[in-house]
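Two chains, two frames, a set of hints: combine them into the complex.
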Amino acid sequence: MSDVKTLAIEKLKLLNPEYPELIEAIVVANKKIYLSLKTDKTKIDIFTRIKLQIEKELSAIDGIDSVSVSLTSHSESMQSKADTRAVTSGISEVRNIISVASGKGGVGKSTISINLAVAINQLGFSVGLLDADVYGPSIPKLVGDRQKPKKSKAGKILPIQKYNISLMSIGFLVPEDSPMIWRGPMVITAVSQMLNDVEWGQLDYLIVDMPPGTGDVQLTMAQRVPMSGAVIVSTPQDLALIDAIKGIEMFKKVNVPILGMIENMSTFICPNCKNESHIFGFEGAKVEAKNQNVDFLGDIPLEIDLRECSDNGKPIMLSKTDSTVSKKFLEIAKLVKSKIEDNSNSEKPNIIIN
Amino acid sequence: MIPKNIILSENKKELTLEYEVKKSVMSAEFLRVNSPSAEVKGHSPAQKKTVSGKRGISINSIELVGNYAIKLIFDDGHSTGIYTWQYLQELFMGKDKIWKEYISELRKKGLYRD
Ligand SMILES: Nc1ncnc2c1ncn2[C@@H]1O[C@H](COP(=O)(O)OP(=O)(O)OP(=O)(O)O)[C@@H](O)[C@H]1O
Ligand SMILES: [Mg+2]
Chain A
1 MSDVKTLAIE KLKLLNPEYP ELIEAIVVAN KKIYLSLKTD KTKIDIFTRI
51 KLQIEKELSA IDGIDSVSVS LTSHSESMQS KADTRAVTSG ISEVRNIISV
101 ASGKGGVGKS TISINLAVAI NQLGFSVGLL DADVYGPSIP KLVGDRQKPK
151 KSKAGKILPI QKYNISLMSI GFLVPEDSPM IWRGPMVITA VSQMLNDVEW
201 GQLDYLIVDM PPGTGDVQLT MAQRVPMSGA VIVSTPQDLA LIDAIKGIEM
251 FKKVNVPILG MIENMSTFIC PNCKNESHIF GFEGAKVEAK NQNVDFLGDI
301 PLEIDLRECS DNGKPIMLSK TDSTVSKKFL EIAKLVKSKI EDNSNSEKPN
351 IIIN
Chain B
1 MIPKNIILSE NKKELTLEYE VKKSVMSAEF LRVNSPSAEV KGHSPAQKKT
51 VSGKRGISIN SIELVGNYAI KLIFDDGHST GIYTWQYLQE LFMGKDKIWK
101 EYISELRKKG LYRD
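Heads up: the sequence lines are chains A and B, in that order.
Under my numbering, think of the first position of the first sequence as 1, with each following residue one higher.
Under my numbering, think of the first position of the second sequence as 1, with each following residue one higher.
The shape of chain B in the complex, shown without the other chains (with noise of 0.2 Å):
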């Protein structure tokens, strides 16, 4: 499903789609650390990196890829997340439950969102 709007907030630490019903706002810093990238995901679910230490990170631009995706520019440089609109839905259609995973992998690696 594609979004109608995708609004970048003036913070630019949230991004909301609009879709013809529904609504969902997501961090930026959620949609980093669940980046689609090679680099973040790896090739297989065994190579999957935990992003970690990115509280409070923020979203430079946004560019529209074919007409299949959007590409985020994080201010940490990172740029090579596709997220394709079957992505985006995935991503606010599992928020929570993936946010909780993620917080459960950042404790369970020792590690942190600052």
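Just chain A, same shape as in the assembly (with noise of 0.2 Å):
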């Protein structure tokens, strides 16, 4: 008789796709259906519809006399147990969240990133940073550290702390040389992930070091992570710029303000006869900025110590504290924190409780 049990799991799934996972029993013999379903105590009313409904449909097999389906409530039913599972969602206690991105790849999101984070903190701000690249997650190698994550009692992954800073990125959970192929909505299952199942805690700031690119992926993205504000970063080339452009224009899509633009590998100042150079053009990202309407934060030259320190591990704000390049990160992190609470002292709902 087990293929009358698969049929009536079949109906069953047929009338509401989540029946199925009611069933804690289900026995056929003698032509009766016996089936037992998990029952919310506190949703008795519609539970005893859905046990009518069942019977109803199920007696309509045939070589089936009768059905008797009987409610039991010792377990949690799905709709409550989901509800408990997460109380508070990771992000809860997170005053501001800033992504940093472009639409160029290679432009230096990840290094401004990290230094970002590093010169807020510097600031006497709690921070964290997620890397949400999970293509090519940079923040390990960033921080020179690779060591798993812990879990909390709750169960929720914690942040590694590394220079002050609570950090968490694909390159954390899965190991460094195995191959990830990622479709589009795995990816946003990946930062979601990142985003409510770690225990970030009580944050002035989190920094999201985004994927370059302006596709759907990172449209998405933009819409399901609450930001407060996007920085663009861009080297002064035109084709740079022409995707920052992209990328300012994605986050005005979905209401996401421009905190500005940073200009990045602006200029080259020659080690040797300390004479300026500009590689990449000149001020291209200042003068877009204006055009754009967007603020300017700052440049941060090409600078081979900038480089080398973000591949010893430790973000240049940190070794070389007193650099013209920390200084300017900064100075570009003041100017991020006055933006932010521009934004956040004009911009709060008042909230009326009757």
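I should point out that these hints are in silico values taken from the structure, not numbers from a laboratory.
One or more hints might be untrue.
Using 20 Å as the maximum straight-line C-alpha spacing, the simulated EDC-like pairs for lysine to aspartate or glutamate come out as follows [claimed, not checked]:
1. A:Lys41 - B:Glu18
2. A:Lys38 - B:Asp76
3. A:Lys43 - B:Asp114
4. A:Lys11 - A:Asp65
5. A:Lys286 - A:Glu276
6. A:Lys13 - A:Glu57
7. B:Lys49 - A:Glu276
8. B:Lys48 - A:Asp65
9. A:Lys348 - B:Asp96
10. A:Lys41 - B:Glu105
11. A:Lys314 - A:Glu276
12. A:Lys328 - A:Glu283
13. B:Lys49 - B:Glu63
14. A:Lys348 - B:Glu90
15. A:Lys339 - A:Glu276
16. A:Lys38 - A:Glu24
17. B:Lys54 - A:Asp45
18. A:Lys13 - B:Glu90
19. A:Lys51 - B:Asp114
20. B:Lys71 - A:Glu93
21. A:Lys56 - A:Glu24
22. A:Lys43 - B:Glu90
23. A:Lys348 - B:Glu20
24. B:Lys48 - A:Glu21
25. B:Lys49 - B:Glu20
26. B:Lys49 - B:Asp114
27. B:Lys48 - A:Asp197
Encoded structure:
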């Protein structure tokens, strides 16, 4: 009689795709179906209705004389189980989320994200950094750490603590050389899990290092991640600037305020002759920021030290605190902070509970 | 867009969002069944759950989350939905359509509002 059982389950699925999950036991004997359903005590009315619906539907099966559905309520229903699973979402105590983005790849988002995170921390704020680039995570390398995250008592992932910053990256979660093939929806899943299932705790700022590009994945991310604002990074080159504009438009489309633009690799100061040269053009991002009517937050020169510190896993903000570049990052951090504060002072709704 | 005022009605079953020029009233039930929390929305459209049986639900309290969202705490204990300004705007702009889709989803799955 096991085929009747399969048929019965199929029929339940047709009534409601969630019904089969409610089955505690199903027995077919003597032309009778006995079914017990997991029931939520608080919704007994609904379950009584479901019971009648199922009895009617299943008694129509050939060769079945009667159907008896019993409601058992010792276990929680699906809904209430889901509700208690996570009482607070991982970011509910994060005050500001800032994404660092660009249209074009390789312009220095990750480099700027980590140094900006350190700089904001040096201004006296608690800071986290989320590496949303699941294709090419760079944070583990930038901080020279690959430890596996631990779990909290509540089963949430604890961020890695390094340089006084709370960090999370797919690079901490999977081995370095394991091949990762991501399709669009999986990327969104991975990123929302790193937001919601990680116990970020109380943070003043969470910096999100975005993956390059302005495709569907980035757009969905800009929509799903509750951002206070976005920082756009570009080199002064025309090509990079065209992509940066696409980035600005993408955030505008989903109503994320653009905090401003940073020009990276703007000038090259020759270590020998100290002459400035403009390898990727000159002040292109500054001009474009003006054209796009967004603020210009500052420029970071092309600097061998910056790359070397990054490669060694200790951000320049911490290893060469007195360098020109570090001072520039600190200035940018102050601007970002004051822009965020301006936005949030003027733009907070009044919550009125009658 | 950030609402100017977020007002919970006296019976706690309606939330009014007042923007610069517009104003929108949404029922607690509408907000509850469209909760953006991961356990309702899932992590992809295919995982989306249809929440039923929420007619007459009320909102116990409202909390600001950062400067980007509010968290609504419903009287069925649901408290994991973080409604960003962006999402609230989507909800009120698509209100009628979203509600119609919800009702037909309920019907399709044999579920009820009560
Ligand atoms: N101002 C700079 N001076 C010297 N090197 C730099 C500078 N900015 C970034 N780099 C180097 O350029 C390379 C790319 O930078 P980074 O990884 O930060 O870019 P990205 O935009 O995050 O790239 P992706 O799009 O791949 O995520 C790195 O090797 C980094 O060390
Ligand atoms: Mg990067």
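- Message: Would the hint linking Lys49 (chain B) and Glu63 (chain B) be met if the CA-CA limit is 20 Å?
- Response: violated (24 Å)
- Message: Check the hint pairing Lys314 (chain A) with Glu276 (chain A) against an upper bound of 20 Å on the C-alpha distance.
- Response: violated (26 Å)
- Query: Taken at face value, is the distance from the CA of Glu20 (chain B) to the CA of Lys348 (chain A) at most 20 Å?
  - Reply: holds (13 Å)
- Below or equal to 20 Å on CA atoms is what counts here, so check Lys54 (chain B) against Asp45 (chain A). holds (13 Å)
- Task: Compare the distance between the alpha carbons of Lys56 (chain A) and Glu24 (chain A) with 20 Å, and conclude whether the hinted pair is satisfied.
- Result: Satisfied, since the Cα-Cα distance of roughly 19 Å is no more than 20 Å.
- Item | Restraint status (C-alpha distance of Lys51 (chain A) to Asp114 (chain B) at most 20 Å) | holds (15 Å)
- Query: Given the hinted pair Lys49 (chain B) and Glu276 (chain A), is their alpha-carbon gap at most 20 Å?
  - Reply: Violated, at roughly 59 Å.
- For the pair we were handed, Lys48 (chain B) and Asp197 (chain A), check the Cα-Cα distance against 20 Å. holds (18 Å)
- With a cut-off of 20 Å on the C-alpha distance, tell me whether Lys38 (chain A) and Asp76 (chain B) pass. holds (19 Å)
- Query: Is the hinted pair Lys38 (chain A) and Glu24 (chain A) satisfied, with a Cα-Cα distance of at most 20 Å?
  - Reply: This hinted pair holds, its Cα atoms lying about 6 Å apart.
- Under the criterion that the straight-line Cα-Cα distance not exceed 20 Å, is the pair Lys13 (chain A), Glu90 (chain B) satisfied? violated (32 Å)
- Query: When you check the alpha-carbon spacing of Lys49 (chain B) and Glu20 (chain B), does it fall within 20 Å?
  - Reply: Not OK: Lys49 (chain B) and Glu20 (chain B) at ~34 Å, beyond 20 Å, violated.
The structure does not agree with the numbered hints 1, 7, 8, 9, 10, 11, 13, 15, 18, 22, 25 stated previously, though it agrees with the rest.
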